[in-house]
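Number of protein chains: 2
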Amino acid sequence: MKISIIKIGGNVIDFPEKLDEFLSLFSKFPGYKILVHGGGIMASRFGESMGVMPEMVDGRRITDKDTLDIVTMVYAGLINKNMVAKLQALKVNAIGMCGADGNLIRSIKRPVKGIDYGYVGDVQEVNTTLASQFLEGGLIPVVNAITHDRKGQLLNTNADSIASALATSLAKDHQVNLYFCFNKKGVLVDEKNENSIIPLINEDIYKELKKENVIHSGMIPKLDNAFEALHKGVNHVWIGKAENLLLAAKGKLSGTTIERQRYDLY
Amino acid sequence: MKISIIKIGGNVIDFPEKLDEFLSLFSKFPGYKILVHGGGIMASRFGESMGVMPEMVDGRRITDKDTLDIVTMVYAGLINKNMVAKLQALKVNAIGMCGADGNLIRSIKRPVKGIDYGYVGDVQEVNTTLASQFLEGGLIPVVNAITHDRKGQLLNTNADSIASALATSLAKDHQVNLYFCFNKKGVLVDEKNENSIIPLINEDIYKELKKENVIHSGMIPKLDNAFEALHKGVNHVWIGKAENLLLAAKGKLSGTTIERQRYDLY
Numbered sequence: 000m001k002i003s004i005i006k007i008g009g010n011v012i013d014f015p016e017k018l019d020e021f022l023s024l025f026s027k028f029p030g031y032k033i034l035v036h037g038g039g040i041m042a043s044r045f046g047e048s049m050g051v052m053p054e055m056v057d058g059r060r061i062t063d064k065d066t067l068d069i070v071t072m073v074y075a076g077l078i079n080k081n082m083v084a085k086l087q088a089l090k091v092n093a094i095g096m097c098g099a100d101g102n103l104i105r106s107i108k109r110p111v112k113g114i115d116y117g118y119v120g121d122v123q124e125v126n127t128t129l130a131s132q133f134l135e136g137g138l139i140p141v142v143n144a145i146t147h148d149r150k151g152q153l154l155n156t157n158a159d160s161i162a163s164a165l166a167t168s169l170a171k172d173h174q175v176n177l178y179f180c181f182n183k184k185g186v187l188v189d190e191k192n193e194n195s196i197i198p199l200i201n202e203d204i205y206k207e208l209k210k211e212n213v214i215h216s217g218m219i220p221k222l223d224n225a226f227e228a229l230h231k232g233v234n235h236v237w238i239g240k241a242e243n244l245l246l247a248a249k250g251k252l253s254g255t256t257i258e259r260q261r262y263d264l265y
Numbered sequence: 000m001k002i003s004i005i006k007i008g009g010n011v012i013d014f015p016e017k018l019d020e021f022l023s024l025f026s027k028f029p030g031y032k033i034l035v036h037g038g039g040i041m042a043s044r045f046g047e048s049m050g051v052m053p054e055m056v057d058g059r060r061i062t063d064k065d066t067l068d069i070v071t072m073v074y075a076g077l078i079n080k081n082m083v084a085k086l087q088a089l090k091v092n093a094i095g096m097c098g099a100d101g102n103l104i105r106s107i108k109r110p111v112k113g114i115d116y117g118y119v120g121d122v123q124e125v126n127t128t129l130a131s132q133f134l135e136g137g138l139i140p141v142v143n144a145i146t147h148d149r150k151g152q153l154l155n156t157n158a159d160s161i162a163s164a165l166a167t168s169l170a171k172d173h174q175v176n177l178y179f180c181f182n183k184k185g186v187l188v189d190e191k192n193e194n195s196i197i198p199l200i201n202e203d204i205y206k207e208l209k210k211e212n213v214i215h216s217g218m219i220p221k222l223d224n225a226f227e228a229l230h231k232g233v234n235h236v237w238i239g240k241a242e243n244l245l246l247a248a249k250g251k252l253s254g255t256t257i258e259r260q261r262y263d264l265y
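Chains as they are written, first to last, in numbering that gives the first Met the number 0: chain A, 0 to 265; chain B, 0 to 265.
These aren't lab readings, by the way, just hints derived from the structure by calculation.
Any given hint might turn out to be false.
Identical copies carry no separate label here, and so any pair may be met within one copy or between two of them.
With a cut-off of at most 30 angstroms between alpha-carbon atoms, the simulated DSS-like pairs for lysine-lysine come out as follows [unchecked claim]: (1) K17 <-> K108; (2) K27 <-> K150; (3) K221 <-> K17; (4) K206 <-> K249.
Since we're looking at a predicted model, the values are computed, not measured.
Start from the sequences and build out the full structure, keeping to the hints where you can.
Below, the structure written as structure tokens:
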């Protein structure tokens, strides 16, 4: 099978109009597909309304018991089920899943090394049999950022990591492409110029771009993550804006495509 | 297939120890099975902590937009996913589902007749193909009280009605038993005596018991509902305490069994 794993971020989820627009695009996206989402901004807002303040260390959420309850409610409940209902209205046979459902994603609680992140999970294993069966049966999994340890504990997990884990695990038996939708049009040469997109990056280009400081800070973990996925067998990784997803699917110029192999055109 | 639909109420869900005990029993319950739950008490508590007060008319929750968000978070998120994780730890391959997931249960927004219940759904259609496929594939659906209208709207639905709808729909092709766990040991002759359980009720007995005012008030809609399910092909309906569920499964005396046919022993 040719499978696309598509991850959307808070910049889409938190705006009803943008979300509707994205879901319409997603419904038209060709082939087998899995949607992955988190929803941190909405979780923070709900938490605050209940007196639970978000605690972040290096941009990562510390997940105590109350915070775990909130992200479980917001990711697996509110956001996931509303997306599924909207996709069903678009004739997409979506099925919302957290990692515990059908044991789709097993993780382990992150060991305490200096910082105790609390109930945060690092992905250990993906149930690719179930995912493949669902896709073959015409179901479209909509996967949120809650996983479990198979010992009865839910764990808050980074949605990018879930998308990567699904992609690399399924890549063992299938041709998998991974799409990260974020708040920029792609990897930019000039951060201030939204249109200065680098269309294609491979490892050699990446090294050069890092050396010249064109790529730095927040973009580095995203690209490291992308290359790790490529090394584990993912066909290509795409980074760009949700609204350009269909162009990307059609192979048209939009966003940044990350590939392992060297291209002659460079 | 022989399928058991088991519905648990707030008196189990709201007490962690009771819930763990129940899930352990459920894991041992033989054969194909589907678990159905709501969680009204917990939803009220979370709503209140967010400043959304529950509004009840004749024991039914009025579901405005905020309340719908809360029940979606609590039923489909917090309660459902924690139960699934706990069942997975017990080696039950549970999969949490609301009615929107895989279009399992389609409902329509209740028409306004005097009272506007808001975003409340009445069940219209059950995707028995999907439910049967999941059961055959070894998955155990854990179904919560959120459904959808297939036009993108989630709807709050009575969990007893969901259990009945699943049972009657599946009864067309399968042998289905329906178990309602509630806060009493069964239908009682004397409300003040927990052990005065009526073991078996059929329609003739029911008429007599109503005439003699042994069965009245809150028990009548439960039993009407049970007989409706029997008329639609359900094999038998059981009402009792969650802790006696395994006895019921083994055909031992516990709770009240409701059957359509007349028995000679009466």
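Identical-chain pair category, K27 with K150, by Cα at 30 angstroms: between (38 angstroms within a copy, 17 angstroms between copies)
Up to 30 angstroms CA-CA - K17 versus K221, copy category: Answer is within; shortest intra-copy Cα gap is 23 angstroms, inter-copy 44 angstroms.
Can you give me the call for K17 and K108, within, between, both or neither, at a CA distance of at most 30 angstroms? between (33 angstroms within a copy, 26 angstroms between copies)
Which holds for K206 with K249 at a C-alpha limit of 30 angstroms: within a copy, between copies, both or neither? within (28 angstroms within a copy, 67 angstroms between copies)
The structure fails none of the hints (numbered hints given earlier).
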